[in-house]
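Take the sequences, apply the hints, and build the full model.
Those sequence lines, one after another, are chains Z and U. UniProt numbering applies: residue 1 is where the first sequence begins, and numbers increase by one. UniProt numbering applies: residue 1 is where the second sequence begins, and numbers increase by one.
Honestly, the hints are just simulated from the structure, not real lab data. Note that this is a predicted model, so its numbers are computed, not measured. Among these hints, one or two may not hold up.
For chains that are exact copies, the list does not tell them apart, and a pair is met inside one copy or across any two.
Simulated crosslink set (DSSO-like; lysine-lysine; CA at most 27 Å straight-line) [stated by the list, open to error]:
| hint | residue 1 | residue 2 |
| --- | --- | --- |
| 1 | Lys578 | Lys188 |
| 2 | Lys442 | Lys260 |
| 3 | Lys578 | Lys90 |
| 4 | Lys140 | Lys188 |
| 5 | Lys364 | Lys271 |
| 6 | Lys580 | Lys40 |
| 7 | Lys188 | Lys580 |
| 8 | Lys349 | Lys40 |
| 9 | Lys40 | Lys587 |
| 10 | Lys578 | Lys594 |
| 11 | Lys580 | Lys594 |
| 12 | Lys580 | Lys140 |
| 13 | Lys393 | Lys260 |
| 14 | Lys140 | Lys26 |
| 15 | Lys369 | Lys393 |
Residue strings, one per chain:
There are 2 protein chains.
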Amino acid sequence: MSSEEEPSNQRQILFHYWAQWSKWKKYQPLSHIRRYFGEKIALYFAWLGFYTAWLLPAAIVGTLVFIIGIFMMFHDIPTQEICSSGDKYKMCPICKVCPYWNLSSVCPMFQAGRLFDHGGTVFFSIFMSLWAVTFLEYWKRMNATLIYRWDCSDFEDIEERPRPQFAALAPMTIINPITGEEEPYFPKRTRFNRIITGSMVIIIMIAVVIMFLISVILYRAIIAVIVSRSGHFLLVSSASRIASLTGSVVNLLFILLLSKIYTALALFLTKWEMHRTQTTFEDAFTFKVFIFEFINFYSSPIYIAFFKGRFVGYPGHYNKLLGIRNEDCAPGGCLIELAQELLVIMVGKQVINNIQEIVIPKLKTWRHKRNLSESNKTGQDNVMKQFWESDYKLLPYSGLFTEYLEMVLQFGFITIFVAACPLAPLFALLNNWVEIRLDAQKFVCEYRRPVAERTQGIGIWFHILEVITHLAVISNAFLIAFTSDFLPRLYYQYTRASNLQGYIDFTLAYAPKSFDLKNNVTCRYQAYREQNGRYSLPYWNLLAIQLGFIIVFEHVVFFIARMIDMMVPDIPEAVAIKVKREQYLAKQALAENKALIEVIDVVNPTQPGEKVSK
Amino acid sequence: MSSEEEPSNQRQILFHYWAQWSKWKKYQPLSHIRRYFGEKIALYFAWLGFYTAWLLPAAIVGTLVFIIGIFMMFHDIPTQEICSSGDKYKMCPICKVCPYWNLSSVCPMFQAGRLFDHGGTVFFSIFMSLWAVTFLEYWKRMNATLIYRWDCSDFEDIEERPRPQFAALAPMTIINPITGEEEPYFPKRTRFNRIITGSMVIIIMIAVVIMFLISVILYRAIIAVIVSRSGHFLLVSSASRIASLTGSVVNLLFILLLSKIYTALALFLTKWEMHRTQTTFEDAFTFKVFIFEFINFYSSPIYIAFFKGRFVGYPGHYNKLLGIRNEDCAPGGCLIELAQELLVIMVGKQVINNIQEIVIPKLKTWRHKRNLSESNKTGQDNVMKQFWESDYKLLPYSGLFTEYLEMVLQFGFITIFVAACPLAPLFALLNNWVEIRLDAQKFVCEYRRPVAERTQGIGIWFHILEVITHLAVISNAFLIAFTSDFLPRLYYQYTRASNLQGYIDFTLAYAPKSFDLKNNVTCRYQAYREQNGRYSLPYWNLLAIQLGFIIVFEHVVFFIARMIDMMVPDIPEAVAIKVKREQYLAKQALAENKALIEVIDVVNPTQPGEKVSK
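Quick look at the structure:
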């Protein structure tokens with residue numbers, strides 16, 4: 001199957017016009033894909049292409065917002081105040097063995113933080129929330145159009161057969177109420193018990209994820225202490241940065257490892273739950289894995305976004321977990337740390353995934369071919385092979401689950417945490433341009449031709465995407481309110497100085513007298529507290545503003561989303577008219593046909609319900 | 001049609017077994033209603049009966065909550081503190097000419113307020129929000145069951161004809177893309193312009209409603225001043241109560257008047273908008289009237305719940321509107337005032353409506369009959385009349401719009417403002433027991449037999465009910481957080497004294513020194529402010545708690561509602577199996593029929609598509 005010769009069969013056509021890098025800017029030949037692979041796989045590629053196309057505007061707006069951030073960074077008065085503060089702000093140590101430090105030393109980090117944390121990000125969060133809703137609405141229309149064109153509109157599997165694995169293991173039989181035929185049966189009660197047990201296992205695995213998360217947190221704390229003690233100047237100054245970066249990488253490795261283990265476990269559990277049909281089996285499996293992967297991939301960003309640095313206490317009264325002081329965010333703020341974590345997980349995952357997708361099928365094919373050639377070594381290797389013979393040496397098709405999962409998790413990253421990283425849609429776009437052709441090549445060159453399946457849509461994944469868009473709105477509201485600097489700055493602008501002069505001083509509290517006396521130094525720390533450690537009035541004002549912002553943001557965005565949902569019809573008008581026209585014609589034809597049958601019945605009377613053998 | 005004789009036709013059967021007060025505790029004979037009136041009307045009565053049945057648990061729980069309130073009222077320490085305070089708390093005047101007053105004088109009002117304002121109400125709000133969601137879910141199931149039983153599952157009007165009124169006025173014709181036939185056409189562009197103009201009229205009418213609302217507010221303020229000046233002791237002491245009660249009644253009269261005017265206007269506008277089919281016409285009319293009636297009926301409760309008493313200012317710095325000081329709630333709190341307003345509007349409206357429903361059709365029938373008998377005075381009045389002759393003298397059927405509207409507005413009252421009035425479901429239940437038989441009598445005794453219509457559901461009303469349940473959750477969250485005393489008490493319990501001793505003192509601010517000096521009296525007023533008029537720290541703490549409560553309440557309730565939505569299948573399993581079984585058998589029959597036709601085609605060849613004349 002090389003690209004030089006003129007394509008002579010469907011697979012070669014697909015390879016030639018679809019599964020090549022050079023075709024990255026062409027539309028996919030969906031009708032050809034459908035003809036060769038069936039509707040289910042064609043719909044996956046249609047969805048992937050549609051999603052990638054919609055990523056383009058999101059990526060452009062995101063990049064613009066990022067560029068605006070660069071300009072803002074240089075004209076930001078608080079940043080200038082920090083960078084020129086010298087030793088004006090002596091800060092309390094951020095860990096037990098850490099030294100006192102000057103706020104001016106975090107100038108570069110603070111500048112970097114401004115890239116992500118400005119008014120443009122708030123706009124972009126709202127934009128992306130509405131983008132996600134609109135994307136799903138228009139996908140519904142696209143779906144309806146394709147399904148109509150492929151003649152699957154009325155397809156509903158009313159008599160889906162039991163899975164062969166189910167039939168083999170089911171202990172008794174029952175009369176199917178729909179078909180009236182006898183078929184294998186597994187008691188509902190037992191299945192219910194097994195599902196409960198399965199859920200327990202999921203909960204245990206989630207607990208394992210959280211344990212890993214805590215161990216990564218402890219790892220960070222310990223590394224920070226060790227690096228600080230090493231005494232090397234360069235290392236010490238960026239101790240927390242080194243700790244958090246290596247922490248992210250360790251976390252990513254844990255995530256990928258747990259993901260592999262859990263997927264195998266979920267497959268076993270789902271088999272054991274004895275689902276009757278392939279559809280319920282796949283839905284149960286998808287649901288299980290998705291819940292787990294969601295927590296696996298998002299727990300660490302969620303921790304950084306909403307928990308890290310919130311339970312630190314204050315100098316002299318630090319809160320502790322397992323004897324180690326609760327982590328504070330690095331001096332640039334939690335948002336920059338979140339952005340870094342996201343980039344490591346998302347980009348790292350995509351790179352590793354893509355490499356896997358290129359290398360693993362090739363390795364598997366190679367092993368598979370070797371096994372096959374070993375088993376018929378006696379054969380005539382030099383004889384020209386038939387297509388079906390070489391095709392047989394390919395890998396068996398293993399379902400679309402991993403493809404969808406990867407894309408849906410990516411969708412989560414670019415919507416749920418978009419306030420922290422406006423560049424995420426751009427990375428997603430770049431990845432997907434590669435992904436489409438990579439998947440295409442995998443299907444064309446590595447897999448055997450799968451059994452074609454019909455479908456009406458992308459199934460449970462659509463509902464998962466809907467849930468993600470809801471979570472995205474909530475998450476962005478909280479991110480902007482609590483993690484970003486947006487509201488404190490606004491509050492300061494309206495109540496104190498409109499040009500933000502003195503904002504840095506405003507955000508720094510004085511350490512309690514007792515703490516100062518113990519160490520004989522007056523130090524500051526980032527919080528809205530009075531010197532006795534109690535929250536100050538601005539803290540409470542700000543908290544009310546933040547909570548009010550969440551309420552307003554959520555209501556406005558959900559309201560607009562609902563409006564979009566109502567305004568955009570799920571089926572394009574042109575398709576709706578065609579469908580109705582067909583129904584109308586069918587009804588007319590039926591009326592004529594009835595007349596025909598009546599005429600015929602007179603000519604050649606048949607017993608009603610009697611089977612006519614040809 | 002008297003009930004003594006044995007029923008001899010369908011209408012008499014319905015009268016005998018359905019449209020009588022004595023049948024109030026019987027199920028409705030839905031199949032008979034359907035057979036005589038058609039699916040559309042039967043579905044309305046099915047919905048009404050279903051809703052009434054579901055009101056029963058809500059009414060029981062509501063009554064229990066109310067009874068708990070009675071017990072709590074007697075054991076409430078703040079109430080006891082107020083009632084026994086004597087002249088301990090000298091309060092600032094609540095209007096310009098009002099006197100200073102003692103807090104102890106509002107003891108009865110405060111006690112009454114406790115009936116509605118306690119922890120049970122919070123529970124009941126959550127209960128009713130989930131009740132509403134579950135009710136809609138189970139109605140979907142009931143709907144699916146009935147529609148299946150009545151064989152309307154596949155009913156979709158794909159070739160609905162234009163309305164006669166539309167056909168008469170449309171200026172041009174077009175080929176219908178579905179039926180391929182020529183039919184009248186009205187340019188979309190012009191219709192769009194007319195809809196825009198119509199929307200403007202709605203906005204103007206809404207502005208009128210708000211003007212009436214403001215005039216009622218001013219009326220209350222002026223009445224309060226006048227009554228206070230009258231000098232009569234009993235009147236003075238309850239000046240604000242008299243003002244608010246008469247205000248509610250005036251408001252109700254305004255509402256009913258505006259409602260009549262607007263409905264006529266909306267009908268005219270909807271006709272003018274030239275909707276092609278009866279369905280779009282009805283939807284447009286319903287939407288218009290509902291939006292207006294919603295604002296008409298709910299604006300006054302919304303004002304009391306969320307705006308009244310919030311922009312009062314403080315002694316010496318009162319905020320003014322049109323030169324009159326902004327209204328404060330009566331001393332018992334805004335919640336008791338809201339409860340009173342609700343009872344007046346809801347119960348008043350129901351009573352007036354029911355009287356109208358009894359009297360007006362009778363009057364109309366009488367006039368109708370007189371007109372008819374006048375026009376054929378020459379006739380033989382004493383001759384025994386045929387049924388069709390006496391039926392002709394009845395009123396023509398005018399649609400279900402007003403029936404649905406009444407019930408949906410009631411549903412709004414019992415869900416949106418339930419936190420203020422746990423007795424609302426009980427009143428709704430009592431009303432509906434009457435309503436069912438009243439509507440039944442109207443249909444059986446006053447109206448001509450309408451043309452039967454088929455339908456798949458209750459149409460746009462279902463979506464309106466869904467929107468109301470959403471609004472209910474939001475509204476109850478805000479009511480509990482801001483209007484009720486629940487959170488301030490909880491805050492006081494956790495931060496100061498767990499038995500609420502001293503709570504009353506805590507809620508009262510001292511008037512500013514300047515105000516005290518001017519009048520030479522030290523007075524208090526209800527607010528969390530410092531003596532200089534600025535908000536105190538507890539105010540900000542409490543505000544943060546209130547906003548946090550809203551966020552938690554909404555997220556939890558919406559999440560549970562979504563879970564319920566997911567867990568309850570829209571179609572009962574038994575019905576789903578029957579539908580699938582039928583589809584399966586139809587498919588089998590089709591396959592057999594195909595074979596039959598093939599056999600016959602050999603015997604008696606016909607041109608494909610050729611019409612066979614019988």
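Okay, the hints, checked on the actual structure:
1. Taking the closest pair of Cα atoms, Lys578 and Lys188 come within 27 Å of each other only across two copies (20 Å); inside a single copy the shortest separation is 43 Å, beyond that limit.
2. Proximity of Lys442 and Lys260 under a CA criterion of 27 Å is satisfied intra-copy only: 20 Å inside one chain copy versus 68 Å between copies.
3. Taking the shortest Cα distances, Lys578 and Lys90 never come within 27 Å of each other, neither inside one copy (73 Å) nor across copies (77 Å).
4. In this assembly of identical chains, Lys140 and Lys188 lie within 27 Å of each other by CA distance solely across copies; the values are 25 Å between and 34 Å within a copy.
5. In this assembly of identical chains, the alpha carbons of Lys364 and Lys271 lie at most 27 Å apart only when taken from the same copy (24 Å versus 70 Å across copies).
6. For the homomeric pair Lys580 and Lys40, the shortest alpha-carbon distances inside one copy (25 Å) and between copies (23 Å) are both at most 27 Å.
7. For a Cα distance limit of 27 Å, the shortest separation of Lys188 from Lys580 across copies, 20 Å, qualifies, whereas the shortest one inside one copy, 41 Å, does not.
8. For a Cα distance limit of 27 Å, the shortest separation of Lys349 from Lys40 inside one copy, 26 Å, qualifies, whereas the shortest one across copies, 56 Å, does not.
9. When the C-alpha separation of Lys40 and Lys587 is checked against a cutoff of 27 Å, the pair qualifies only between copies, where the shortest distance is 24 Å, while the shortest distance within a copy is 30 Å.
10. In this assembly of identical chains, Lys578 and Lys594 lie within 27 Å of each other by CA distance both inside one copy and across copies; the values are 24 Å within and 25 Å between.
11. For the identical chains of this complex, Lys580 and Lys594 are neighbours both inside a copy (21 Å) and across copies (24 Å), given an alpha-carbon limit of 27 Å.
12. Taking the shortest alpha-carbon separations for Lys580 and Lys140, both the intra-copy value of 18 Å and the inter-copy value of 25 Å come in at or below 27 Å.
13. Within a single copy, Lys393 and Lys260 get their C-alpha atoms as close as 26 Å, which meets the 27 Å cut-off; across copies the closest is 79 Å, which misses it.
14. For a Cα distance limit of 27 Å, the shortest separation of Lys140 from Lys26 inside one copy, 23 Å, qualifies, whereas the shortest one across copies, 45 Å, does not.
15. In this assembly of identical chains, Lys369 and Lys393 lie within 27 Å of each other by CA distance solely inside one copy; the values are 6 Å within and 90 Å between copies.
Going through the hint list in order, the structure does not satisfy hint 3, though it satisfies all others.
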